[in-house]
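Asker: Here is how the chains run, residue by residue.
2 protein chains.
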Amino acid sequence: MTETRKPTVLAFDVFGTVVDWRSSISAESGLFLAKIGQQHIDAGQFTDDWRKKYLSGMAAYAKSGRDFTILDVLHREMLDETLRDKGIDPATLDPALLQDWTFAWRRLKPWPDSVEGLTRLKRRFPIVTLSNGNIALMLEMARCGGLPWDAIMGAEVTRAYKPDPRAYLGTAEVLGLAADELCLVAAHHSDLTAARRCGLKTAFIARPMEYGGRPAPDAKLAQDWEWSAGSLTELADQLGC
Amino acid sequence: MTETRKPTVLAFDVFGTVVDWRSSISAESGLFLAKIGQQHIDAGQFTDDWRKKYLSGMAAYAKSGRDFTILDVLHREMLDETLRDKGIDPATLDPALLQDWTFAWRRLKPWPDSVEGLTRLKRRFPIVTLSNGNIALMLEMARCGGLPWDAIMGAEVTRAYKPDPRAYLGTAEVLGLAADELCLVAAHHSDLTAARRCGLKTAFIARPMEYGGRPAPDAKLAQDWEWSAGSLTELADQLGC
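These protein sequence lines are chains S and X, in that order.
All residue numbers in the first sequence are consecutive under our numbering, ending with 241.
All residue numbers in the second sequence are consecutive under our numbering, ending with 482.
It should be emphasised that the hints constitute simulated quantities derived from the structure, not laboratory data.
Since this is a predicted model, take the numbers as computed values, not measurements.
Any given hint could turn out to be false.
Claimed, not checked - The list that follows gives simulated cross-link-like pairs (lysine-lysine, DSSO-like), each with its CA atoms no further than 27 Å apart:
{"id": "1", "chain 1": "S", "residue 1": "Lys122", "chain 2": "X", "residue 2": "Lys350"}
{"id": "2", "chain 1": "S", "residue 1": "Lys6", "chain 2": "S", "residue 2": "Lys122"}
{"id": "3", "chain 1": "X", "residue 1": "Lys294", "chain 2": "S", "residue 2": "Lys122"}
Bound conformation, chain S alone (with noise of 0.2 Å):
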């Protein structure tokens, strides 16, 4: 690999990338599913249709011409939509509940190496997140996680959602970057494959276990990117942090 100009800032994917959105989301959907007498469906299932919807949604997101509602919002239709698939009618259920439950997503655990790799980089690098999760949802999820980010930024400040290339283009705006002195960091090549079509900086990190040990639904994306990781600690390593 040919030596590459360290960027300036880092912007990290959190869901997935920093936090194991589907440990955290099952655990608390295996509760509330059993909350609404409703125990004999597959937690694990529930939450991988619940991901699929987000994931599906944010790709469509842009061409909608919805104006921007922030991942809160969305996180909670989605659930609504993912209760009618299983034919639970959601307006049969305590309002309260389901707020409770769409904020598990505030609650997300990090990997075991996020605390210390971001700790790490940090020391030489601004770290902020570039999510679409909104700011009170990233808030929450530091406190209760510990993550030690410098700013949160991402789609509720550039009102844009990633794949969305103003997501991109407008977090280095806003930090008065050119876009290849931002690197994002994540789990996913989707998101990186738009990255670098902005001009930014990439680098992976490898979460084998994001999907449970399933393969990826973007792993045909994969490229070369700048830097390749196993860990946020090992990626602290090779920026020498």
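We have chain S; now place chain X onto it with these hints.
Answerer: For chain X alone, coordinates are given in the frame of chain S:
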């Protein structure tokens, strides 16, 4: 004082409340004035004049109809005006020097109690900025001074400058809070007055040296705020942190 229900989140004014703009800008302006051969100009007076343009500029901003423009840009415009007032044409100066001088506002030093006070308050409350400073400015200042913000919010997130009500109410909305769940912490009665009109809780921090020992321009707006302290560590005491 009757017991006031504690807020959910603390939002901080920054210039003057958390950092000492006058000492920092005076010291840097002294160096820059010397660099351009104008060392006969009093750096403290220059600083006060620059800040005065900010205070009047912000009060007029909402009525101006101007599109939202980040504070880094406004600071530069105000520097140019301050130079012109002294008979110096900024067009004759090195643009890189003027940029660096403007960015002195990104390098303001915290008051001696700020880092300890914020660190203690953060244990119990999310702490966010509710400043007119833009995100890149606040981010660099936080890293220079070790300010442990949970999130950088304020003008660039709400696209409105204090004392515009949208700056206060928009911050509460992004956090998913009712106005009275948010408390503005500020050294300025004018800022607290505007926040209280919007329904926020208010905490006053006395910073008698903000104007080098002279009275603040908004001293006559003093009210009985929910909390009032001589430092951020004293506020931490009062809030049980």
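Asker: Could you grab the alpha-carbon distance between Lys294(X) and Lys122(S) and see if it respects the 27 Å cut-off?
Answerer: 35 Å, violated
Asker: Please verify whether Lys122(S) and Lys350(X) have alpha carbons no more than 27 Å apart.
Answerer: Holds, because 20 Å separates the two Cα atoms, which is no more than 27 Å.
Asker: Between the alpha carbons of Lys6(S) and Lys122(S), is the straight-line distance 27 Å or under?
Answerer: 14 Å, holds
In summary, the one numbered hint that this structure violates is 3.
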